[in-house]
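Colleague: The lines below spell out each chain.
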Amino acid sequence: MMAFNRRDFLKIAGLSAAVGLGGQTAWELLLPGHLDAAEMPAASGLTAKRWGMALDVKKFTPAVRQACIGVCNQSHNVPKIDSKQGLKWIWEAGYEAAFPDLEAEYVEDEIKEMPFLVMCNHCDNPPCVRVCPTKATFKRGDGIVMMDMHRCIGCRFCMAACPYGSRSFNFHDPRKFLPDPAPNKDYPTRTKGVVEKCTFCTERLAVGKLPYCVEASQGAMLFGDMSDAGSAPRKALRTRYSIRRNAALGTNPQVYYLI
Amino acid sequence: MLEKALQGEPRYWGWLVLLLVGIGAGFGAYSVQYQQGLSITGMSRDVSWGFYIANFTFLVGVAASAVMLVLPYYLHHYKTFGRITILGEFLAIAAVTMCILFIIADLGKPQRVNNVLLHPTPNSVLFWDMIVLNVYLILNLVIGWTILGAERKELPPPKWVKPLIYLSIPWAVSIHTVTAFLYAGLPGRGFWLTAILAPRFLASAFAAGPAVLILLAMLVRKLTKFDAGKEAIQTLAKIVTYGIILHIFFFFLEVFTVAYSQIPSHLTHLKYLYFGYHGHGGLVPFMWTALFCGFTAITLLVVPQWRKNEGLLGIAAVLTFICTWIDKGMGMISGGFVPNPLHEVTEYAPTGLEMLVTLGVYCVGALVLTVLYKVAITVKEYEELGGAAPAPH
Chain D
45 MMAFNRRDFL KIAGLSAAVG LGGQTAWELL LPGHLDAAEM PAASGLTAKR WGMALDVKKF
105 TPAVRQACIG VCNQSHNVPK IDSKQGLKWI WEAGYEAAFP DLEAEYVEDE IKEMPFLVMC
165 NHCDNPPCVR VCPTKATFKR GDGIVMMDMH RCIGCRFCMA ACPYGSRSFN FHDPRKFLPD
225 PAPNKDYPTR TKGVVEKCTF CTERLAVGKL PYCVEASQGA MLFGDMSDAG SAPRKALRTR
285 YSIRRNAALG TNPQVYYLI
Chain G
162 MLEKALQGEP RYWGWLVLLL VGIGAGFGAY SVQYQQGLSI TGMSRDVSWG FYIANFTFLV
222 GVAASAVMLV LPYYLHHYKT FGRITILGEF LAIAAVTMCI LFIIADLGKP QRVNNVLLHP
282 TPNSVLFWDM IVLNVYLILN LVIGWTILGA ERKELPPPKW VKPLIYLSIP WAVSIHTVTA
342 FLYAGLPGRG FWLTAILAPR FLASAFAAGP AVLILLAMLV RKLTKFDAGK EAIQTLAKIV
402 TYGIILHIFF FFLEVFTVAY SQIPSHLTHL KYLYFGYHGH GGLVPFMWTA LFCGFTAITL
462 LVVPQWRKNE GLLGIAAVLT FICTWIDKGM GMISGGFVPN PLHEVTEYAP TGLEMLVTLG
522 VYCVGALVLT VLYKVAITVK EYEELGGAAP APH
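Line order of the protein sequences matches chains D and G.
The working numbering numbers the first residue of the first sequence as 45 and each following residue consecutively.
The working numbering numbers the first residue of the second sequence as 162 and each following residue consecutively.
Don't read these hints as lab results, they were simulated from the structure.
There is no bait here: all hints are sound.
Simulated DEER-style distance windows between Cβ atoms:
| id | chain 1 | residue 1 | chain 2 | residue 2 | range |
| --- | --- | --- | --- | --- | --- |
| 1 | G | Tyr-403 | D | Gly-114 | 53 to 63 Å |
| 2 | D | Gly-114 | G | Gln-196 | 29 to 39 Å |
| 3 | G | Pro-319 | D | Pro-232 | 54 to 64 Å |
Here are the simulated lysine-lysine pairs, BS3-like style, with alpha carbons at most 30 Å apart:
| id | chain 1 | residue 1 | chain 2 | residue 2 |
| --- | --- | --- | --- | --- |
| 4 | G | Lys-432 | D | Lys-156 |
| 5 | D | Lys-128 | G | Lys-432 |
| 6 | D | Lys-124 | D | Lys-179 |
| 7 | G | Lys-240 | G | Lys-323 |
| 8 | G | Lys-535 | G | Lys-320 |
| 9 | D | Lys-128 | D | Lys-156 |
Pulled a few chain D residues facing chain G out of the computed Cβ check, cut under 8 Å:
| id | residue |
| --- | --- |
| 10 | Lys-128 |
| 11 | Ala-137 |
| 12 | Lys-179 |
| 13 | Cys-199 |
| 14 | Ala-204 |
| 15 | Ala-205 |
| 16 | Asn-214 |
| 17 | His-216 |
| 18 | Leu-293 |
Positions of the beta carbon are idealized from the N, C-alpha and C atoms, including for glycine.
Pulled out of the complex, with its shape left as it was, chain D reads as follows (with noise of 0.2 Å):
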């Protein structure tokens, strides 16, 4: 077996640069701020034992919605691609898509024609996990179900197992859909043929920032820690009724919607 995982190599990397280029690595150079943000969460950094997520519905306005929309893909450098081989991080689904297993015939006029954002789910039990031959889509301690876009062989696995709809491919090479430079220089791009989703920004959670969608709804997402009981989603999920999507299937979803 190969004793020599990502890390030893971006610390050997790192190490070797900074002998070379005078006490500033290569990583430094690519990304600045990069790699302490990655992979040694700053004292400033926001920490949970299972982060999770809870939309108001009612509060949220087209405007609103199309906000947190558009900050994501902004900021993430996730490409406009009008086609079906194009990418969701976060979208808008009617309530009969969102959730098809809570099908009910006569529902609530405003429930039942309001788009909901969709997102990945962050499940407790994720079946794309579970799926993933090479452990590139893996499981956070802090619950953020996460990918490692340089291990990703595209194999797609893991949307087959997806029962939201939440993983997207790039087909193409995404970067020819994206300006030059890309909308966010801090933020990486992807190449074809990885996989790619929501991360719950785990780049701003550990700068001690909110996700971007949860900044921009203007208060109808409350993110915490859901195994914090004073948590703002907690607190707002012990008082109102929620419902989540496809839950039956066992995937325990983090992300709840407030009617």
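Position chain G against the provided structure of chain D, taking the given hints into account.
Modeller: Only chain G this time, still in chain D's reference frame:
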């Protein structure tokens, strides 16, 4: 022994050249895919596996079906299969080779395929599929080559090969079972979420594989001096008969469970495949064609006089192949993705380039098969002629 593949008549070389042209075309199409990504395929966000994985699944079945020769011959000492068991084993080698190529063709990052070994992940069925397929390939290569080599020297096969043969029997079943588990364990895909999937896969494989072997045996008899023998072909025909009947029977078990329970997440897939769903019905004519071919094949096969007529048997074998290929090659994979878990419909059809890559892979399989059969048949022909040198062509 491989040198026997280097001697042949012009038509042998002509066929090899034709296959090389096909391989070249497939390789050309694949280099476009390598440059432009899987965007050149008909696959999408909703239907994320297509023609490659479907053909892979079908061919795993063809590979597994070698057990239908190995088992009667080695476990039941059914001597009639002694002459053709090698044809089954070599067909398995060609089929597994194609399976591996289809997997590589389907990967978004084929250059990283070693990650499956560098980061072994036992909770992924794909990890196990890789193991069972590669071991099955090696088993058949070692067994087939050793037995044929012994035959050429007119010696009994070495003793150490026996345990490998016994191992290859359950192993053949395992490759198609594990392949079915790729699909059958996914929570949000009602079409595949059924315990009958693996048995259904095996039944259709045990129809398709021997049907291919019947056609190959007939072809070999026509082109060479090697005759598998009427009895061997008739026994294969009986195996196809049971296989195709079980395939249709298992299909109806699935239809009953899904249609009587009427659970939408299971029912909508069958509706889409056989009647169309929300105005989308691209696969409807194919699925009914498959059923029609299946029933016609059963009719031709169950009546003994018809089955014994080799003309009709050939037709039944072709119909069996069409039925099982449409079932796995078209319906089984995209049927599972349509509608998607959000009950939205995105249809799938392979693109021209995708079909060209597929053609290329089949040509590689045919090339491997031709070379292996050439070797095997040259050895067998030599035996037929009572040890005399093969007649010059």
